[in-house]
Amino acid sequence: MSTEAIAVEKPKRNYNVLFGLTLLALLVLLWILLSVATTSFASANNIANLLRQGSMIAIMAVGQTFVIITGGIDLSVGAVVGFATVVVAMMINAGFPIWLAILVTLLVGVAIGMFHGFGIVKMGLPPFIITLATLTSLRGIGLLMTNGNSININSDTFTAFSRNSFIGIPNLFWMVILVGIPAYVFLHHSRWGRYLFSVGSNAEASRLSGVNVQRTIYMAYTLSGLCAAFVGVLLAARIGIGNPTQAEGWELQAIASSVIGGTSLFGAVGSVHGPLLGAFILATINNGANLLNVNSFWQRIITGALIIIIVYFDGLRRRGK
Numbered sequence: 070m071s072t073e074a075i076a077v078e079k080p081k082r083n084y085n086v087l088f089g090l091t092l093l094a095l096l097v098l099l100w101i102l103l104s105v106a107t108t109s110f111a112s113a114n115n116i117a118n119l120l121r122q123g124s125m126i127a128i129m130a131v132g133q134t135f136v137i138i139t140g141g142i143d144l145s146v147g148a149v150v151g152f153a154t155v156v157v158a159m160m161i162n163a164g165f166p167i168w169l170a171i172l173v174t175l176l177v178g179v180a181i182g183m184f185h186g187f188g189i190v191k192m193g194l195p196p197f198i199i200t201l202a203t204l205t206s207l208r209g210i211g212l213l214m215t216n217g218n219s220i221n222i223n224s225d226t227f228t229a230f231s232r233n234s235f236i237g238i239p240n241l242f243w244m245v246i247l248v249g250i251p252a253y254v255f256l257h258h259s260r261w262g263r264y265l266f267s268v269g270s271n272a273e274a275s276r277l278s279g280v281n282v283q284r285t286i287y288m289a290y291t292l293s294g295l296c297a298a299f300v301g302v303l304l305a306a307r308i309g310i311g312n313p314t315q316a317e318g319w320e321l322q323a324i325a326s327s328v329i330g331g332t333s334l335f336g337a338v339g340s341v342h343g344p345l346l347g348a349f350i351l352a353t354i355n356n357g358a359n360l361l362n363v364n365s366f367w368q369r370i371i372t373g374a375l376i377i378i379i380v381y382f383d384g385l386r387r388r389g390k
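Counting from 70, one number per residue, gives the positions in the sequence shown under my numbering.
Hint data in this document are derived by calculation from the structure and do not stem from the laboratory.
Just so you know, these numbers come straight off a predicted model, no measurement behind them.
Positions of the beta carbon are idealized from the N, C-alpha and C atoms, including for glycine.
Keep in mind that a hint or two might mislead.
[Unchecked claim] Derived Cβ-Cβ restraints for the label pairs, each shown as a range:
{"id": "1", "residue 1": "376", "residue 2": "260", "range": "27 to 33 Å"}
{"id": "2", "residue 1": "359", "residue 2": "210", "range": "28 to 34 Å"}
{"id": "3", "residue 1": "98", "residue 2": "195", "range": "37 to 43 Å"}
{"id": "4", "residue 1": "104", "residue 2": "236", "range": "20 to 26 Å"}
{"id": "5", "residue 1": "224", "residue 2": "274", "range": "48 to 54 Å"}
{"id": "6", "residue 1": "205", "residue 2": "114", "range": "34 to 40 Å"}
{"id": "7", "residue 1": "358", "residue 2": "193", "range": "40 to 46 Å"}
{"id": "8", "residue 1": "162", "residue 2": "377", "range": "43 to 49 Å"}
{"id": "9", "residue 1": "274", "residue 2": "105", "range": "50 to 56 Å"}
{"id": "10", "residue 1": "236", "residue 2": "163", "range": "32 to 38 Å"}
Model the full structure from these sequences, guided by the hints.
So this is what it looks like as structure tokens:
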């Protein structure tokens, strides 16, 4: 059966474009206000640092968006990032080629995502439970592998990449573009992307329409695991160590970025550009708060308030009010 015959409420392009422009305007406004309020925000070093800070959360948010669109959630991505730093660090220090260490680390992320799909599809576990269990387990496994210590990466070639720039733009930001473009094509211009929206809208109706719901769920969580593992590689390159406790709490930042970017926690609504902008809005708020010496607790309060407001209006939109 053709995908055009699938009865599913697709996100309206006009809404996505308007919301995306609103987010972009908010980001520009924040940059202007912080440039006026502080003397160091607009400096080249600070902007580069802000882009590096936001890039890794942005990539995680893209993977998280695939899952949320299906009506699920992935709480393990922060732990996957930390575990990935350990895997890539141990392999590089053991003398494996860098490309092989990266490839194996990415495959570990894929395997974790497939395990989540198996737990949801075959075992009938709620996404919240299976991914929460993985979050806890991966931290423990990583600590056992390292005996609770950090692993210093002994390859300058590997670590130099994340600290360098190309035409004045940090390499980490280029990785956002590397992920964002194919993710956009996949989500908005492929049948598999339409399947994600379909499953998030009504899984049973999708199944009756010929969509392989189980395979779609596997795909969403696999992509989330892959994105998280990729961020783990980038984080290991940036800080030069492997440590399973790294990226603690990043799963909440990824979810917040996705939600602020317009992804509905009820499923079936989302985009790629929204979470990317959401991640850099959060990075800007955190960066600006630090420059203004605002208590870090307020940063969390602001993030929480943004989530509440956006989810509330998303609920109103869904009810047609």
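Now for the hints, and whether the structure bears them out:
At roughly 31 Å, the beta carbons of residue 376 and residue 260 sit within the given window of 27 to 33 Å. Checking the proposed 28 to 34 Å range against residue 359 and residue 210 shows it holds: the Cβ atoms sit about 33 Å from each other. A C-beta distance of roughly 39 Å is found between residue 98 and residue 195, which places it inside the suggested range of 37 to 43 Å. Between residue 104 and residue 236 the beta carbons are some 22 Å apart, a value that agrees with the proposed interval 20 to 26 Å.
Under the hint 48 to 54 Å, the C-beta atoms of residue 224 and residue 274, about 51 Å apart, fit the expected range. In this structure, residue 205 and residue 114 meet the distance hint of 34 to 40 Å, their C-beta atoms being roughly 38 Å apart. For the hinted restraint 40 to 46 Å between residue 358 and residue 193, the CB-CB distance of approximately 43 Å keeps it satisfied. Taken as a hint, the range 43 to 49 Å holds for the pair residue 162 and residue 377, whose Cβ atoms sit roughly 44 Å apart.
Between residue 274 and residue 105, the C-beta spacing of about 51 Å keeps the proposed range 50 to 56 Å intact. Distance hint for residue 236 and residue 163: a CB-CB separation of about 35 Å, consistent with the stated range 32 to 38 Å.
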